[in-house]
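Asker: Plus 712 on top of the position in the sequence shown (first one is 1) and you've got the working numbering.
These are calculated hints, taken from the structure and not from any lab test.
Note that the structure is predicted; figures quoted are calculated from it, not measured.
Note that CB positions come from ideal geometry on N, CA and C, so glycine has one too.
Be aware that one or more of the hints could be misleading.
[Said to hold, decoys possible] DSBU-like, lysine-lysine: derived pairs with alpha carbons at most 30 Å apart:
1. 766 <-> 752
2. 752 <-> 799
3. 752 <-> 768
4. 794 <-> 721
5. 799 <-> 721
6. 752 <-> 721
7. 794 <-> 766
8. 752 <-> 792
9. 759 <-> 794
10. 766 <-> 799
11. 766 <-> 800
12. 759 <-> 792
13. 768 <-> 721
14. 759 <-> 799
15. 721 <-> 759
16. 792 <-> 768
17. 721 <-> 766
18. 768 <-> 799
19. 800 <-> 721
20. 800 <-> 768
[As the list claims (entries may be wrong)] Simulated restraints, written as ranges between beta carbons of each label pair:
21. 799 <-> 763: 17 to 25 Å
22. 726 <-> 796: 36 to 44 Å
23. 754 <-> 724: 17 to 25 Å
24. 773 <-> 717: 25 to 33 Å
25. 763 <-> 740: 21 to 29 Å
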Amino acid sequence: MSLISIINKDFDMPDDLSETQLRDAMVDAFAYLIDNDFPKLIQILYKADVDQYKLKELLETVEGSSSAEVIADAYLVRQKAKIETWKKYSQKKD
Numbered sequence: 713m714s715l716i717s718i719i720n721k722d723f724d725m726p727d728d729l730s731e732t733q734l735r736d737a738m739v740d741a742f743a744y745l746i747d748n749d750f751p752k753l754i755q756i757l758y759k760a761d762v763d764q765y766k767l768k769e770l771l772e773t774v775e776g777s778s779s780a781e782v783i784a785d786a787y788l789v790r791q792k793a794k795i796e797t798w799k800k801y802s803q804k805k806d
């Protein structure tokens with residue numbers, strides 16, 4: 713399972729984005745949700761299992777980044793962690 717395939721459960725992203733382009737697209741998507749569809753933002757973060765307490769702390773303490781950047785980074789970190797967990801537990805035990 714790839715990062716893009718996980719993200720595309722909630723967003724419609726092209727398959728050929730670099731990691732930087734993906735982050736930029738996610739920042740834009742979260743900025744839109746913050747301004748226009750906050751309930752959907754909450755739903756996506758809940759479904760992705762982004763820790764709400766950790767996110768709140770990040771939003772209060774991270775300097776020099778917009779809320780959308782902080783949320784996008786937390787979302788991407790969580791999705792990458794899921795991939796690592798799946799890889800770890802899907803490897804065959806010898």
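Asker: Take the hints in turn and mark each one as holding or not.
Answerer: Hints, one by one, checked against the model:
For a cut-off of 30 Å, the pair hint linking residue 766 to residue 752 stands: about 19 Å separates their Cα positions. A hinted pair counts as satisfied when its Cα atoms are at most 30 Å apart, and residue 752 with residue 799 qualifies at roughly 29 Å. Distance hint between residue 752 and residue 768 is fulfilled; the C-alpha atoms sit about 17 Å from each other, no more than 30 Å. A distance of roughly 14 Å separates the Cα atoms of residue 794 and residue 721; the hinted pair therefore holds under the 30 Å criterion.
Distance restraint check for residue 799 and residue 721: the Cα-Cα separation of roughly 19 Å lies within the 30 Å cut-off, and the hinted pair is therefore satisfied. Between residue 752 and residue 721 the alpha-carbon distance is near 13 Å, which keeps this suggested pair within the 30 Å criterion. For the proposed pair residue 794 and residue 766, the alpha carbon gap of about 17 Å is at most 30 Å, so the pair holds. Between residue 752 and residue 792, the direct Cα distance comes to roughly 21 Å. Compliance with the 30 Å bound is thereby established for this hinted pair.
This hinted pair checks out: residue 759 and residue 794 have alpha carbons roughly 12 Å apart, not beyond 30 Å. About 24 Å separates the Cα atoms of residue 766 and residue 799, which keeps this hinted pair within 30 Å; it holds. At most 30 Å may separate the alpha-carbon atoms for a hinted pair to count; residue 766 and residue 800 meet this at roughly 24 Å. The hinted pair formed by residue 759 and residue 792 meets the criterion: a straight-line CA distance of about 14 Å does not exceed 30 Å.
Between residue 768 and residue 721 the CA atoms are separated by roughly 24 Å; this keeps the pair inside 30 Å, and the hint holds. For the hint pairing residue 759 with residue 799, the CA-to-CA distance comes to about 20 Å; that is within 30 Å, so the pair holds. Restraint check for residue 721 and residue 759: the C-alpha separation of about 10 Å stays at or below 30 Å, so the hint holds. Of the pairs offered as hints, the one joining residue 792 and residue 768 holds, with about 20 Å between alpha carbons and a cut-off of 30 Å not exceeded.
At most 30 Å may separate the alpha-carbon atoms for a hinted pair to count; residue 721 and residue 766 meet this at roughly 23 Å. Simply put, residue 768 and residue 799 have alpha-carbon atoms about 29 Å apart, close enough for the 30 Å limit, and the pair holds. Proposed proximity of residue 800 and residue 721 is supported: the alpha carbons are some 22 Å apart, at most 30 Å. Restraint check: the Cα-Cα separation between residue 800 and residue 768 comes to about 29 Å, which is no more than 30 Å; the hinted pair holds.
Taking 17 to 25 Å as the suggested C-beta distance range, the pair residue 799 and residue 763 conforms, at roughly 21 Å. Judged by the Cβ atoms, the range 36 to 44 Å given for residue 726 and residue 796 is violated: they are separated by roughly 24 Å. Checked against the hint of 17 to 25 Å, the pair residue 754 and residue 724 passes, with Cβ atoms roughly 19 Å apart. For residue 773 and residue 717, the hinted distance range of 25 to 33 Å is satisfied, since their beta carbons lie about 32 Å from each other.
Roughly 23 Å separates the CB atoms of residue 763 and residue 740, a value that falls within the hinted 21 to 29 Å.
Hint compliance for this structure: hint 22 is the single one not met.
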